[in-house]
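*Asks:* Spelled out from the first residue to the last, the chains are:
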Amino acid sequence: MTEFSKHLGCQEVVELVTDYLEGTLTPDETTLFEQHLNFCGGCVWYLEQMQATIATVGRLREEDIPVEARERLLATFRNWKRS
Amino acid sequence: MIAYKFLRRDGASVFTHFRWPLPNGGPGPWVEAQVAPCRSGIHACRPSDLPLWVNDLLYEIELDGDIAEEPTKVVASRGRLFRRIDAWDDELRASYTRMCADRALKLAQSASPPLADWAAVVEPSIPEGPALLGFVAARISEEISGTSAYDAERGRQADWLTQRLKLSR
Amino acid sequence: MGVVERYHATMIAVAHTYVRTRASAEEVVQDAWLGVLNGLDRFEGRSSLKTWIMRILVKTALTRGAREARSVPFSSLAGDGGEPAVSPERFRGANDAFPGHWTRYPRDWQSMPEDVLLGHETLDQALEAIDRLPEAQRLVITLRDVYGWTADEVCTALDVSNGNQRVLLHRARSRVRTALERHFDD
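Chains as they are written, first to last, in the working numbering: chain A, 1 to 83; chain B, 84 to 252; chain C, 253 to 438.
Hints are computed from structural coordinates only; laboratory data are not their basis.
Since this is a predicted model, take the numbers as computed values, not measurements.
From the three backbone atoms N, C-alpha and C, an ideal C-beta is built for every residue, glycine too.
Any given hint could be a false lead.
To be verified - Some chain B residues judged to face chain A by a derived CB distance under 7 Å, without partners named:
(1) G94
(2) F98
(3) F101
(4) L105
(5) L140
(6) T155
(7) E211
(8) F218
(9) T230
(10) W243
Construct all of the structure, not just a fragment, from the sequences and the given hints.
*Replies:* Here it is, written out as structure tokens:
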């Protein structure tokens with residue numbers, strides 16, 4: 001994106017979504033990004049899809065510690081404490 | 084400073100989804116924000132900025148505190164919605180959309196050679212509303228005569244809006 | 253045991269991106285805990301405990317992973333052509349009118365029934381998509397989006413730049429979104 005850019009295309013916007021959500025776009029880039037979203041319903045839905053994806057991933061959690069693994073860890077601690 | 088602010092139909096900010104306290108018989112209460120350019124702060128339009136930010140509802144907003152003027156918007160640390168600009172209604176929105184569409188078609192068709200592919204984009208874009216058509220018209224202008232033409236077309240759009248909405252410049 | 257339980261899941265996930273099998277990953281985590289316990293009296297508190305534990309884990313995993321001939325290719329990032337977030341055929345060409353615009357808009361997921369978007373199948377699809385990611389991407393999205401680590405915490409723990417971390421996160425999220433989109437479109 002050059003400083004002479006007046007507008008972004010959708011193909012550029014989808015590459016900037018992560019930076020936008022992280023807050024790492026420059027002020028000018030942010031303005032161009034938001035100007036685009038103001039007229040492009042497709043990119044608004046894309047951004048919302050990305051937010052829904054992140055929320056979905058956030059609902060994943062590793063299952064409970066497998067019993068054998070926990071026993072081994074406890075054994076490790078006990079042995080360590082003794083030495 | 085008096086400026087203008089578009090909100091969504093539900094009274095929320097377009098990007099932050101902040102629920103603005105609306106004016107009711109008098110100005111709404113003051114809202115405070117930290118100003119960090121394009122990160123936070125209250126964003127508003129000068130008349131020349133209006134075409135870039137068109138949305139469902141338009142309010143007059145009074146800005147105060149730290150005010151920073153940027154190329155396509157104003158950012159302030161304090162603001163209150165003064166009154167709704169009722170003239171910006173469904174009818175005027177449709178009128179503006181039609182104006183931009185007609186401009187887009189005229190520009191595309193009178194280019195040499197005519198920009199048939201761009202002309203074909205215009206009518207199907209109309210259901211998406213004024214913001215998209217405003218962009219299409221300015222973009223076609225740019226396609227024909229470069230970035231200064233893009234700016235000029237946006238200027239025409241701003242003039243049309245300022246006039247029809249009877250806004251002070 | 254509170255600390256161990258809290259970190260164990262994350263550590264297994266991280267270790268597993270460096271070594272082939274889950275069993276290997278569990279051994280790596282065990283070794284790492286030994287390193288932690290042995291080093292605890294030398295821990296100076298300059299970084300958070302979590303970050304410090306993770307650095308020991310990563311070092312342990314790298315050593316093991318190198319032995320197993322598998323390591324996380326962080327260096328492969330810098331300035332490469334990269335993978336597009338969305339397949340290019342979804343956009344109009346450079347010589348078309350409206351270049352770079354969607355040929356077909358993505359769907360509005362907000363209008364999907366809530367129990368579908370929030371349901372078990374969606375979680376399974378996301379999990380599968382993450383499992384299919386290249387190691388470095390899987391690592392970053394797991395730490396950032398599954399376990400909620402900040403960008404700084406991930407960069408410090410993995411010793412990568414913010415920019416690299418963000419590129420990995422971007423690609424990982426893009427792939428998972430694409431997988432979910434394919435699933436919902438079916």
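*Asks:* If a hint holds in the structure, say so; if it does not, say that too.
*Replies:* Structure-based check of each hint:
no.	hint	result
1	G94	violated (17 Å)
2	F98	holds (6 Å)
3	F101	violated (14 Å)
4	L105	violated (21 Å)
5	L140	violated (14 Å)
6	T155	holds (6 Å)
7	E211	holds (6 Å)
8	F218	holds (5 Å)
9	T230	holds (6 Å)
10	W243	violated (17 Å)
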